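Asks: Next come the chains, spelled out residue by residue.
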Amino acid sequence: MAARSSRSSDKTHKIRESFFEPRSLAVIGASSHPDKVGYAVLANIVKSGYQGAIYPVNPKAHEIQDIKCYHDVHDIPDPPDLAIIIVPAIHVPEVVKELADRKVPGAVIISAGFKEASLEGRRLEKEAVRLAHEGGMRLLGPNCLGIMNTALPLNASFTRKLPPKGSIGVISQSGAICTSLIDWARAEAVGFSKVISLGNSGDLVESDFLEALADDDETRVISMYIEGVSDGQRFFRVLKKATRVKPVVFFKAGITQAGAQAASSHTGALAGSESAYKALCTQASALRASSVEELMELSRTLSTQPVPKGPRVAIVTNAGGPGIIASDSCEAAGLVLAQISAQSAEKMRRYLPPAASMHNPVDILGDADALRYAIAVEAVLDDPGVDAVLVILTPQAMTEIYRTADEIIHIARSTEKTIVCSFMGAGSVQAPVNRLQKEGIPNIPYPDRAMLVIGRMFERQLELKKPDSRALDFKVDEEGVKRIFESYKSRDEIQVEAEDCRAVLGAYGIPYALYRTAADLPTAKKVAAEMGYPVVMKIVSPQILHKTDVGGVVLGIKSARALATTYEDMMANVRRHMPGAEIYGVGIQKMVPEGRELILGIVKDPQFGPMVMVGLGGIYVEAFKDVVFRLAPLTPAEAARMLRELHAYSLLEGLRGEKPSDVEAVEDVLLRASQLAVDHPVLAEMDMNPLMVYNASIGCTVVDVRMTLGG
Amino acid sequence: MSSVLVVSSERYSGKSSLVVGLALELRDRGFKVGYMKPVGAYPIRINNQKVDEDAYFVSEALGLKDPLSDVSPYFLTWDTLTRYMRKSPGNPQAKVEASLKRLSEGKDVMLIEGAQNFLHGRILNLSALELADVLQAKVLLLDTFNEELSVDRILSAKDFFGKWFLGVVLNWVPPRRMEFTKNLLGRYAQSQGIKVFGSIPADRVLRSITVNDLAEGLNGKIICAQDKGDELIESMMVGAMGQEQALRLFRKQANKVVITGGDRSDIQLAALETPTKSLILTGGHRPSPLVLGQAEEIGVPIIIVDYDTASTVEMVEAAIGHQKVHSPKKIERIRGFIREGLDLDLMLEEIGMHMMR
Numbered sequence: 155m156a157a158r159s160s161r162s163s164d165k166t167h168k169i170r171e172s173f174f175e176p177r178s179l180a181v182i183g184a185s186s187h188p189d190k191v192g193y194a195v196l197a198n199i200v201k202s203g204y205q206g207a208i209y210p211v212n213p214k215a216h217e218i219q220d221i222k223c224y225h226d227v228h229d230i231p232d233p234p235d236l237a238i239i240i241v242p243a244i245h246v247p248e249v250v251k252e253l254a255d256r257k258v259p260g261a262v263i264i265s266a267g268f269k270e271a272s273l274e275g276r277r278l279e280k281e282a283v284r285l286a287h288e289g290g291m292r293l294l295g296p297n298c299l300g301i302m303n304t305a306l307p308l309n310a311s312f313t314r315k316l317p318p319k320g321s322i323g324v325i326s327q328s329g330a331i332c333t334s335l336i337d338w339a340r341a342e343a344v345g346f347s348k349v350i351s352l353g354n355s356g357d358l359v360e361s362d363f364l365e366a367l368a369d370d371d372e373t374r375v376i377s378m379y380i381e382g383v384s385d386g387q388r389f390f391r392v393l394k395k396a397t398r399v400k401p402v403v404f405f406k407a408g409i410t411q412a413g414a415q416a417a418s419s420h421t422g423a424l425a426g427s428e429s430a431y432k433a434l435c436t437q438a439s440a441l442r443a444s445s446v447e448e449l450m451e452l453s454r455t456l457s458t459q460p461v462p463k464g465p466r467v468a469i470v471t472n473a474g475g476p477g478i479i480a481s482d483s484c485e486a487a488g489l490v491l492a493q494i495s496a497q498s499a500e501k502m503r504r505y506l507p508p509a510a511s512m513h514n515p516v517d518i519l520g521d522a523d524a525l526r527y528a529i530a531v532e533a534v535l536d537d538p539g540v541d542a543v544l545v546i547l548t549p550q551a552m553t554e555i556y557r558t559a560d561e562i563i564h565i566a567r568s569t570e571k572t573i574v575c576s577f578m579g580a581g582s583v584q585a586p587v588n589r590l591q592k593e594g595i596p597n598i599p600y601p602d603r604a605m606l607v608i609g610r611m612f613e614r615q616l617e618l619k620k621p622d623s624r625a626l627d628f629k630v631d632e633e634g635v636k637r638i639f640e641s642y643k644s645r646d647e648i649q650v651e652a653e654d655c656r657a658v659l660g661a662y663g664i665p666y667a668l669y670r671t672a673a674d675l676p677t678a679k680k681v682a683a684e685m686g687y688p689v690v691m692k693i694v695s696p697q698i699l700h701k702t703d704v705g706g707v708v709l710g711i712k713s714a715r716a717l718a719t720t721y722e723d724m725m726a727n728v729r730r731h732m733p734g735a736e737i738y739g740v741g742i743q744k745m746v747p748e749g750r751e752l753i754l755g756i757v758k759d760p761q762f763g764p765m766v767m768v769g770l771g772g773i774y775v776e777a778f779k780d781v782v783f784r785l786a787p788l789t790p791a792e793a794a795r796m797l798r799e800l801h802a803y804s805l806l807e808g809l810r811g812e813k814p815s816d817v818e819a820v821e822d823v824l825l826r827a828s829q830l831a832v833d834h835p836v837l838a839e840m841d842m843n844p845l846m847v848y849n850a851s852i853g854c855t856v857v858d859v860r861m862t863l864g865g
Numbered sequence: 008m009s010s011v012l013v014v015s016s017e018r019y020s021g022k023s024s025l026v027v028g029l030a031l032e033l034r035d036r037g038f039k040v041g042y043m044k045p046v047g048a049y050p051i052r053i054n055n056q057k058v059d060e061d062a063y064f065v066s067e068a069l070g071l072k073d074p075l076s077d078v079s080p081y082f083l084t085w086d087t088l089t090r091y092m093r094k095s096p097g098n099p100q101a102k103v104e105a106s107l108k109r110l111s112e113g114k115d116v117m118l119i120e121g122a123q124n125f126l127h128g129r130i131l132n133l134s135a136l137e138l139a140d141v142l143q144a145k146v147l148l149l150d151t152f153n154e155e156l157s158v159d160r161i162l163s164a165k166d167f168f169g170k171w172f173l174g175v176v177l178n179w180v181p182p183r184r185m186e187f188t189k190n191l192l193g194r195y196a197q198s199q200g201i202k203v204f205g206s207i208p209a210d211r212v213l214r215s216i217t218v219n220d221l222a223e224g225l226n227g228k229i230i231c232a233q234d235k236g237d238e239l240i241e242s243m244m245v246g247a248m249g250q251e252q253a254l255r256l257f258r259k260q261a262n263k264v265v266i267t268g269g270d271r272s273d274i275q276l277a278a279l280e281t282p283t284k285s286l287i288l289t290g291g292h293r294p295s296p297l298v299l300g301q302a303e304e305i306g307v308p309i310i311i312v313d314y315d316t317a318s319t320v321e322m323v324e325a326a327i328g329h330q331k332v333h334s335p336k337k338i339e340r341i342r343g344f345i346r347e348g349l350d351l352d353l354m355l356e357e358i359g360m361h362m363m364r
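Those protein sequences? They're chains W and S, same order as listed. As numbered in the numbering used here, the first sequence has no gaps in its residue numbers, which increase by one up to the final residue, 865. As numbered in the numbering used here, the second sequence has no gaps in its residue numbers, which increase by one up to the final residue, 364.
There may be inaccurate statements among the hints.
As the list claims (entries may be wrong) - Simulated DEER-style distance windows between Cβ atoms: (1) S:324 / W:315: 56 to 64 Å; (2) W:399 / S:237: 47 to 55 Å; (3) S:186 / W:818: 58 to 66 Å; (4) W:631 / S:71: 35 to 43 Å; (5) S:37 / W:718: 51 to 59 Å; (6) W:684 / S:223: 22 to 30 Å; (7) S:223 / W:836: 29 to 37 Å; (8) S:130 / W:730: 32 to 40 Å; (9) W:860 / S:189: 26 to 34 Å; (10) W:748 / S:315: 29 to 37 Å; (11) W:398 / S:315: 32 to 40 Å; (12) S:37 / W:674: 41 to 49 Å; (13) W:836 / S:189: 32 to 40 Å.
Said to hold, decoys possible - Only pairs whose alpha carbons sit at most 30 Å apart, straight line, appear in this in silico DSS-like list of lysine-lysine: (14) W:400 / W:571; (15) W:280 / S:228; (16) W:501 / S:336; (17) S:259 / W:701; (18) S:165 / W:643; (19) W:395 / W:214; (20) W:636 / S:57; (21) W:636 / S:228; (22) S:235 / W:643; (23) W:190 / W:214; (24) S:336 / W:779; (25) S:114 / W:679; (26) W:680 / S:263; (27) W:643 / S:263; (28) W:432 / W:592; (29) S:259 / W:432; (30) W:701 / S:263; (31) S:189 / S:228; (32) W:619 / W:643; (33) W:744 / S:259; (34) S:336 / W:643; (35) S:189 / W:280; (36) W:165 / W:463; (37) S:72 / W:643.
Said to hold, decoys possible - Chain W is nowhere near these chain S residues, computed Cβ spacing over 12 Å in every case: (38) 36; (39) 97; (40) 297.
It should be emphasised that the hints constitute simulated quantities derived from the structure, not laboratory data. Bear in mind the structure is a predicted one, so any value in this text is a computation, not a measurement. The C-beta atom is built at its ideal place from N, Cα and C for all residues, glycine as well.
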């Protein structure tokens, strides 16, 4: 315990002492009317078997549910470790003040009627948080279901019953999802350690509880239901740390346009983009569940079974079809079918009928009894070439479902390999399945899905092996860029001009094609002569966004004479196409050789801040949408990995005798762009399009770049 | 006493702004300045008296107490125009002359604002040239800068106004062309015997509209951050896309108003995340309390309007850019431009007032 305390932060310590393991509780707004929430919460605390002191507070009662009731907070003999508040919103700030005055370290505000309801509610919520902080108190909620700890036990919520005791720690932004998960957990014999309903997250937020659960010895897996996060950059850091200690399974609601719209009106915050959440999970090694069902299946399996050490799965089945189905999804799950060794096959052959298949999937035939299952499962588990076993059972006439379950439970006790069952069906297998699950062997009734869950568990193993990698710190001219951006801010302008964009790239060591804006022809000639021909000419006008459409881009100008003709033609063309446009002049750019075109950029996510983007460039970009995002700061390992995630990566490697491209140079630009984004939060968006990539060791060059500033 | 008639070749060219700015600058130099607008276009009713909207604003901005019937004696609207076509208007020249006489009492300079362009008012015998003659006023052309047309307009104005022609002020000059107007254009005009007094740059703030004015124009109701009603809106964007596209788009435009439906919380939040001065929610819908709270907290007024999005867009589009200078912020701004960009000494000398300094 001492070791744990020393590595945990003060806040985590406080959450454990006050919210997870309170020795005494005050229930402010406890009621003797069975139809009131204040009644239910007190009753639930008592019924859950909570052993600490309970102090109901209600000025109108002397005794509630046979417990002495106190007139107000000041009446309570000893300040409790935790207060549960269920009074109307309007009274919450004064109650918080009284509790804080008495040095109560934490409170759960179950009451609603705050930020989610009205401007007045928002004010009350802020006031309550302010008063709590003044007195050194922390708050969970308001507008939440409450908190549960199955080990203590404590059910300080208005959900009637605790889930079974176990090792899944649940954090949810939806109280209703908590209630439903608990109901499901009770039916399926899935064990939870803690359940935290965040409500409005007025004070303590998801990151705080994530940190606390990562530090909680009773929690093996953290399971999160999230609609949005409060501080994305902090969440990223906390999540990264948490997943080093234990798996975090993560479900994000609101990922489509319709979903995001619903989520934003539910939480009052812009949901981060789907690309940001995808990047978050990859970079922080969290397991993203694509449905609530997967969230629970994966959490359950991770909480009861060891993670497979390798990708090799053996299937034991009493039917051919389901074995094939499982084999099919093996590859999709990132796994391989294990090669059963000759010794293991021999072991099985002695006891199994000759028609049985000793290869993977091991088919022990439709008439298999419990003994056959035991022999096969034990044999494949003993095989050093097997990392996980999927046991499939179809309820046939001769099948001994109960006894088979018992055999598996027995075998599972003496192995460190992963076992997942897929007892198919619902009626006749239900009772044996319950038994399996109670003993910590998850049953997933569809073999393809069971295989996918094993695959996700293996992902966890891969992530654990990933070496730690840190962002680099390039020597750059940070101050110079700051001055450029500040000059825009002082003029209240947000679009950075072409020449300034290049200066920014230069300051961060990102190679770009020489470029200068010329207000008239004589200047253009002078600039081109200095750069050396051939050059490119581009029209410069704030109103012209699609330069090529109006004849505003000409490549390969080889001489001063050609430059003059081009200039005149371009001006005439542009005037004809866009008579109203304000023309600043022309941009003269050094012509760069052809290479492979990529797009690199920075996009600011409303929740997670700057993201670095890379994608296939050129004219097919819209069609293929081959882009990969990562949250900044980017580590060298991540830069390398994101590039390899592109479908177009094979083009960079060189196809059919082509020379490979300078991938290292691109990775360098990615890392420098990441540093630029982190150093200058005012940079809302940057597009380097195209980035011309040349053969290995020749480098790459930004041809065009745009930047937009914003808070 | 000297009179200067400020004319333009097109409407919405910024005459009222220039007049207010000039008047205040001249006052600072110790001159007593009067104002009149003989031919108005947009009458409003003040204390049961019809008065041109611009004329009323200028009088108020300058704190003048003259009778509005003198400051703004005639209007040309469809109604009055058809009336004058049926029945002679009498002798407007005499009436205007008399008004000017009363208004100019005790003044050093009279600034007279022309009608919508310098031909406007002819039916009343009050077109710019006629006014100059009757009121003995020097004509100052305010030309909205156009790369191809301005030079010819300036040359023609000199021919047109002849001895009454005072010179030119260029308005709405793109910053990149300020240099051109100062040097090449200025020198060329001088060689043709024309005075260019200077240039006023194209400026987003001068084109902008206040949140309050916008809300009023839309019959809308501001439901939060009412204290930010004076903030200036420069542009408009419509939110009907997904959240991510909205964010990318909204980031590219500062000081804007975003128009969207009351039920699009995601768009509303995206707007609040980017440089936005106000949100207009159409169809009479109220936002969710969470969005409302957010807007109140960061001080972005939300305007609820009953129109649908398409009509609202049309109305807002019409409002932005055709805005009057009715805000103290804008007046300060134009004064700054006048101080920096116009040669007032030269102008005073040309109207024979330099001795007064």
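Asks: Now, for every hint given, state plainly whether the structure supports it.
Replies: We went through each hint and held it up to the structure:
1. S:324 / W:315: 56 to 64 Å: holds, 60 Å
2. W:399 / S:237: 47 to 55 Å: Check passed, 53 Å falls within 47 to 55 Å.
3. S:186 / W:818: 58 to 66 Å: violated, 46 Å
4. W:631 / S:71: 35 to 43 Å: violated, 56 Å
5. S:37 / W:718: 51 to 59 Å: holds, 54 Å
6. W:684 / S:223: 22 to 30 Å: violated, 55 Å
7. S:223 / W:836: 29 to 37 Å: At roughly 34 Å between Cβ atoms, residue 836 (chain W) and residue 223 (chain S) fall inside 29 to 37 Å, so the hint holds.
8. S:130 / W:730: 32 to 40 Å: About 38 Å separates the Cβ atoms of residue 130 (chain S) and residue 730 (chain W), which means 32 to 40 Å holds.
9. W:860 / S:189: 26 to 34 Å: holds, 31 Å
10. W:748 / S:315: 29 to 37 Å: Violated: the Cβ-Cβ distance is about 50 Å, outside 29 to 37 Å.
11. W:398 / S:315: 32 to 40 Å: violated, 54 Å
12. S:37 / W:674: 41 to 49 Å: For residue 37 (chain S) and residue 674 (chain W) the Cβ distance comes to about 43 Å; the hint holds.
13. W:836 / S:189: 32 to 40 Å: At roughly 33 Å between Cβ atoms, residue 189 (chain S) and residue 836 (chain W) fall inside 32 to 40 Å, so the hint holds.
14. W:400 / W:571: holds, 18 Å
15. W:280 / S:228: The hint holds at about 27 Å.
16. W:501 / S:336: violated, 91 Å
17. S:259 / W:701: Answer holds: residue 259 (chain S) to residue 701 (chain W) is near 18 Å, not above 30 Å.
18. S:165 / W:643: violated, 42 Å
19. W:395 / W:214: Judged against 30 Å, a Cα distance of about 48 Å means the pair is violated.
20. W:636 / S:57: violated, 55 Å
21. W:636 / S:228: It is violated: about 40 Å lies between the C-alpha atoms, which goes past 30 Å.
22. S:235 / W:643: Between residue 235 (chain S) and residue 643 (chain W) the Cα gap is close to 21 Å, so the pair holds against 30 Å.
23. W:190 / W:214: Since the Cα atoms of residue 190 (chain W) and residue 214 (chain W) sit roughly 15 Å apart, the hinted pair holds (cutoff 30 Å).
24. S:336 / W:779: The given pair, whose Cα atoms are some 46 Å apart, is violated under the 30 Å limit.
25. S:114 / W:679: Given that 30 Å is the threshold and the Cα spacing comes to 56 Å, the pair is violated.
26. W:680 / S:263: With a Cα-Cα distance of about 39 Å, the restraint between residue 680 (chain W) and residue 263 (chain S) is violated, given a limit of 30 Å.
27. W:643 / S:263: Holds: residue 643 (chain W) and residue 263 (chain S) sit about 16 Å apart, inside 30 Å.
28. W:432 / W:592: violated, 34 Å
29. S:259 / W:432: Since the Cα atoms of residue 259 (chain S) and residue 432 (chain W) sit roughly 25 Å apart, the hinted pair holds (cutoff 30 Å).
30. W:701 / S:263: holds, 25 Å
31. S:189 / S:228: This hinted pair is violated, its Cα atoms lying about 46 Å apart.
32. W:619 / W:643: It is violated: about 45 Å lies between the C-alpha atoms, which goes past 30 Å.
33. W:744 / S:259: At roughly 28 Å apart (the allowed maximum being 30 Å), residue 259 (chain S) and residue 744 (chain W) satisfy the hint.
34. S:336 / W:643: holds, 19 Å
35. S:189 / W:280: violated, 56 Å
36. W:165 / W:463: violated, 35 Å
37. S:72 / W:643: violated, 42 Å
38. 36: holds, 30 Å
39. 97: holds, 43 Å
40. 297: violated, 3 Å
Hints 3, 4, 6, 10, 11, 16, 18, 19, 20, 21, 24, 25, 26, 28, 31, 32, 35, 36, 37 and 40 from the list above are not met by this structure, while the remaining hints are.
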